[in-house]
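J.: Let the sequences and hints guide you as you build the complete structure.
Those sequence lines, one after another, are chains P, D and G. Under the numbering used here, think of the first position of the first sequence as 1, with each following residue one higher. Under the numbering used here, think of the first position of the second sequence as 1, with each following residue one higher. Under the numbering used here, think of the first position of the third sequence as 1, with each following residue one higher.
All the given hints hold, so there is nothing to weed out.
Below, a list of computed lysine to aspartate or glutamate pairs in the EDC-like style, where the Cα atoms sit at most 20 Å apart:
hint : chain 1 : residue 1 : chain 2 : residue 2
1    : G       : K104      : P       : E378
2    : D       : K2        : P       : E340
3    : D       : K2        : P       : E342
4    : G       : K53       : D       : E32
5    : D       : K126      : D       : D111
6    : G       : K53       : P       : E567
7    : G       : K53       : D       : E131
8    : G       : K104      : P       : D381
9    : D       : K126      : D       : E53
10   : D       : K126      : D       : D47
11   : D       : K126      : D       : D109
12   : G       : K53       : D       : D128
13   : G       : K53       : P       : E378
14   : D       : K175      : D       : E92
15   : D       : K175      : D       : D150
16   : D       : K175      : D       : E42
17   : D       : K175      : D       : E164
18   : G       : K104      : G       : D89
19   : P       : K416      : P       : E340
20   : G       : K53       : G       : E93
21   : G       : K53       : D       : D31
If you want the ones that stay clear, here's a sample from chain G, every Cβ over 12 Å from chain P, calculated:
hint : residue
22   : R77
23   : G81
24   : D89
Distance windows between CB atoms, simulated:
hint : chain 1 : residue 1 : chain 2 : residue 2 : range
25   : G       : A114      : D       : G20       : 16 to 26 Å
26   : P       : N530      : G       : A114      : 54 to 64 Å
27   : D       : I6        : P       : A427      : 33 to 43 Å
28   : D       : G159      : G       : R129      : 50 to 60 Å
29   : P       : M442      : G       : A114      : 34 to 44 Å
30   : D       : P80       : P       : T565      : 18 to 28 Å
31   : D       : A82       : P       : N580      : 49 to 59 Å
32   : G       : Q79       : P       : M442      : 22 to 32 Å
33   : D       : P80       : P       : V308      : 17 to 27 Å
Treat the hints as calculated values from the structure; they're not laboratory data. On a predicted model such as this, the values are computed, not experimentally measured, just so you know. For glycine and all other residues, C-beta sits at the position ideal for the given N, C-alpha and C.
What follows is the residue order along each chain.
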Amino acid sequence: MIAEIGLAALWLSAALAVLQLLGGFAGARAADGIAPLSALVRPAATLQAFLCTVAFFSLVYLFAVTDLSVRLVAINSHSMKPMIFKLSGTWGNHEGSMLLWVTVMAMAGGLIAMIERRLAERTMMATLAAQAFVALGFYAFLILSSNPFERLTEVPLEGNGLNPLLQDIGLAFHPPTLYIGYVGLSVAFSFAVGALLTRAVTPDFARVMRPWVLAAWIFLTIGITAGSYWAYYELGWGGWWFWDPVENASLMPWLAATALLHSASVLAARDALRTWTIMLGVIAFSMSMLGTFLVRSGILTSVHAFAVDPERGSFILALLILYIGGALVIFALRANTIAEGERFSLVSREGALVVNNIALSAILGIVLLGTLYPLLTEAFDVRVSVGPPYFNPVGAIFFLPMIVILMVGPLLRWRKDQFRRIAKPVALVGTIGTAVLIGVAMITDIGILPLLGLALAAGLAIASFAPMYKRALRRTPLAVWGMCVAHFGVAVALFGMAADSAFQQERLVAASVGDVVEVGPWAGRLDSVNALAGQNWTAMQANMMLSYEGGAEHQARPQSRNFWTPEMETSEVALLTRWNGQLYVAVGNQGVDGRWQLRLWWKPFVTFIWYGGLLIAFGGALALVGRVIGDLRRRRYGTDADDHDEIPIDPEAQPAS
Amino acid sequence: MKTLRILLWGAVLIACGLFGLFGYQLTQPRDEFVQSALVGQEIPPFDLPPATEARPGLSSADLADGSPKLLNVFASWCVPCAAEAPQLEALERSGAQIVAVAIRDRPEDVDRFLELYGNPFTRIGKDDISEVQLAIGSSGVPETFVIAGDGTITYQHIGDIRPEHVPQLLEELRKAGA
Amino acid sequence: MRLFWTALLITLCAMPVAAQDTLPPAPYAYQQLEDPAQEESARVLMETLRCLKCQSQSIADSDAPMAGDMRHQVRSRIQAGESPDQVRDWLVERYGDYVSYDPKVSATTWPLFAVPVILLLFGGLMFWRRVGRKGDKV
Numbered sequence: 001m002i003a004e005i006g007l008a009a010l011w012l013s014a015a016l017a018v019l020q021l022l023g024g025f026a027g028a029r030a031a032d033g034i035a036p037l038s039a040l041v042r043p044a045a046t047l048q049a050f051l052c053t054v055a056f057f058s059l060v061y062l063f064a065v066t067d068l069s070v071r072l073v074a075i076n077s078h079s080m081k082p083m084i085f086k087l088s089g090t091w092g093n094h095e096g097s098m099l100l101w102v103t104v105m106a107m108a109g110g111l112i113a114m115i116e117r118r119l120a121e122r123t124m125m126a127t128l129a130a131q132a133f134v135a136l137g138f139y140a141f142l143i144l145s146s147n148p149f150e151r152l153t154e155v156p157l158e159g160n161g162l163n164p165l166l167q168d169i170g171l172a173f174h175p176p177t178l179y180i181g182y183v184g185l186s187v188a189f190s191f192a193v194g195a196l197l198t199r200a201v202t203p204d205f206a207r208v209m210r211p212w213v214l215a216a217w218i219f220l221t222i223g224i225t226a227g228s229y230w231a232y233y234e235l236g237w238g239g240w241w242f243w244d245p246v247e248n249a250s251l252m253p254w255l256a257a258t259a260l261l262h263s264a265s266v267l268a269a270r271d272a273l274r275t276w277t278i279m280l281g282v283i284a285f286s287m288s289m290l291g292t293f294l295v296r297s298g299i300l301t302s303v304h305a306f307a308v309d310p311e312r313g314s315f316i317l318a319l320l321i322l323y324i325g326g327a328l329v330i331f332a333l334r335a336n337t338i339a340e341g342e343r344f345s346l347v348s349r350e351g352a353l354v355v356n357n358i359a360l361s362a363i364l365g366i367v368l369l370g371t372l373y374p375l376l377t378e379a380f381d382v383r384v385s386v387g388p389p390y391f392n393p394v395g396a397i398f399f400l401p402m403i404v405i406l407m408v409g410p411l412l413r414w415r416k417d418q419f420r421r422i423a424k425p426v427a428l429v430g431t432i433g434t435a436v437l438i439g440v441a442m443i444t445d446i447g448i449l450p451l452l453g454l455a456l457a458a459g460l461a462i463a464s465f466a467p468m469y470k471r472a473l474r475r476t477p478l479a480v481w482g483m484c485v486a487h488f489g490v491a492v493a494l495f496g497m498a499a500d501s502a503f504q505q506e507r508l509v510a511a512s513v514g515d516v517v518e519v520g521p522w523a524g525r526l527d528s529v530n531a532l533a534g535q536n537w538t539a540m541q542a543n544m545m546l547s548y549e550g551g552a553e554h555q556a557r558p559q560s561r562n563f564w565t566p567e568m569e570t571s572e573v574a575l576l577t578r579w580n581g582q583l584y585v586a587v588g589n590q591g592v593d594g595r596w597q598l599r600l601w602w603k604p605f606v607t608f609i610w611y612g613g614l615l616i617a618f619g620g621a622l623a624l625v626g627r628v629i630g631d632l633r634r635r636r637y638g639t640d641a642d643d644h645d646e647i648p649i650d651p652e653a654q655p656a657s
Numbered sequence: 001m002k003t004l005r006i007l008l009w010g011a012v013l014i015a016c017g018l019f020g021l022f023g024y025q026l027t028q029p030r031d032e033f034v035q036s037a038l039v040g041q042e043i044p045p046f047d048l049p050p051a052t053e054a055r056p057g058l059s060s061a062d063l064a065d066g067s068p069k070l071l072n073v074f075a076s077w078c079v080p081c082a083a084e085a086p087q088l089e090a091l092e093r094s095g096a097q098i099v100a101v102a103i104r105d106r107p108e109d110v111d112r113f114l115e116l117y118g119n120p121f122t123r124i125g126k127d128d129i130s131e132v133q134l135a136i137g138s139s140g141v142p143e144t145f146v147i148a149g150d151g152t153i154t155y156q157h158i159g160d161i162r163p164e165h166v167p168q169l170l171e172e173l174r175k176a177g178a
Numbered sequence: 001m002r003l004f005w006t007a008l009l010i011t012l013c014a015m016p017v018a019a020q021d022t023l024p025p026a027p028y029a030y031q032q033l034e035d036p037a038q039e040e041s042a043r044v045l046m047e048t049l050r051c052l053k054c055q056s057q058s059i060a061d062s063d064a065p066m067a068g069d070m071r072h073q074v075r076s077r078i079q080a081g082e083s084p085d086q087v088r089d090w091l092v093e094r095y096g097d098y099v100s101y102d103p104k105v106s107a108t109t110w111p112l113f114a115v116p117v118i119l120l121l122f123g124g125l126m127f128w129r130r131v132g133r134k135g136d137k138v
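T.: Next comes the structure, spelled out in structure tokens:
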């Protein structure tokens, strides 16, 4: 019954999407945006959001009660799984995650329909029509080729179970946040296409788009950070990023969205970078769709790939051609309707942001190239592998200069500035960075990339709060705080990455019970090994006591776990976290001689990577709240203050963003 | 504006190219196998002890003794290796000389496997740490190589030998000088 | 312990549990070299070599027996005095470029290196044109 309700809700949503498309189209054609059908557009969008939520929670319910008559549940779940994994297992498979995709898309569309009132009606209609058009393709994909509610004629006695690697709290966080971000960018896409179609690429439009992009971007940042940390502790080897195709598929939209965010801010504040903003708006969601294609079609090998089905792949490819191809063609045709923006000189905040855009786009291009390259050569029967040894240095070519610009950019004035004006803060930051560079190079013996990373992180950490200098801190707009915190987060993450890469220490040891083990500043012993059982697994657990530089002893209990249904062995690592890093302990098999294989890593400051990621998201959240409050205040008090911006407190000081 | 137009249509072109590539790749069968890059070259020197008492060990010299052979890389714990046993028998009956390398196998397990599925091999080498497997560019079990009389690897068959592959292998063996 | 012996390590391998060997890992699969400098260069190399039986992992990140055997080869060769490049070449000679995550410039990989250069030039050009055209005359 519930499954049928879910499926019916999906069909209804699809029908409403058709209505939304037709009404939006009609509205976009009318001069004032009002046509007979267009009155139905907003209700249709809102109702879609509601119905998709119903469908989604129907599926969650089916997983919660392990309804084995539903094919998806039978293949992916098991009655003995812990409840949290039953629930999060809803999206731990192709159909379920696709339903999540469609639901987020419907919710995003519904939200803009309900809340967004600042946009000209015609453009709004065009936007909602575009959103409906894209949604329709994915509804069709879901209903026609990936029906999550399909029933089985013969009900099995038990389900196949969920991949043990997914039976982790990470599954509860990573996909939902990632999808809200990933698919939330569809709104940016729709706005861009809507603005193109109605020739409305203006600062007002950017002001409307900005908070939506910001919101999606915040979730995407959290999603990627969560995914990285999850892979780190789940896979048992301490790696947090491998440039795996699926990881890249989530990074590419993020790069585009970051550039879009900054570009939209420039457009809103200074009426420049119009073309960039539209281009990035289209590219961001295009990358999301491309990512979905790569991950579900089976054409790329990856540990993360979840569906390997060329037929479904063809369906998504058709959608890609329609949407990405269509958007790019519309853009090419309407390129001349985008008026030239305001001018600015090389040394100006706009100039710095253009460099920022170029750098992010270049990194995006490189990640795309590296990810797709093996696919290209396979067409010629040549097999190559492209991994970290390529992405790290080549990405750094663009990333490191970008960090340098990041240090300087926020200090520059709009439109035209002189370098000499900011010479003092830049000199200060430069000195600190160089001092760190030379100091670390002299004391240690690390590679050039981590060295530069450390130095730039140090410089950026100071530089990110430089815009606060000489400001009345309590009256500084929240959006400016957000910017500083987010940039500081980049410095923190970069520091973590460089420190872990440079100073990590590894120790592999075959230990008998009672043996002493050491790694870096840690020392301890293996006290005992015992067997354990859980709800759907058994394990051998190594009990160790370790202390940092002779200090207090802490317990570490890594496990080597065996799941059944499906049968798989996983490594549950033990983590001992300090302010200055993490001890990562894993236990492997017992050798013939009875000794246990232990793997220990001392990873200095590795946690900064994810703290940094969270800080970036937090900064974004501050900026979003600041903007929304500012907007509400403006609406209520009807002030004329336009977006550049926050009225300068100090007439001498330039507006912040 | 003109440059922008050119750029944008360029982007459309690149997108089309990419979609074409994806479409093409979707039609191609998923090829998970890694070919050995040593096909056409001489087999590297090695000397393996016997994997079982029933047969002598295997060395590269044995493979360069003038007569072409089939080299079968297998293991008792490998399920498809059992499936290809009838085909190996068929090949042996057709006159092919087959030698083998047992990967990561205990003598008693190899004995049990040969008892269950037959023993078409004249020699079986014991490769406990996949050393020879890595040295010849084999990446899994089962795989079968055609080695010419002078020790040159002329052909590689990845995966278990199905009935339809038998004529092909005999043909390759013939080309190698059998 | 019996239970443990029978449940073998597969982690992320494509092979089902039944099709796994029972022999212990190769000596240097899970053992570091005594010389820290050699171990470090071995580790760096292992992180760039692909595990052939896994979906997409380096041999440093995999518990597959073949990955262990490859690690053994890397470590024993480094210990014997070979340079990391020599070890990599030995593997590429046998498995082609696929086994290395570090693409070298060659006839099949030149676009990977040409494109970043093109992007640099292009980016610089874009920026210069923007600025040149709209100079300081604001």
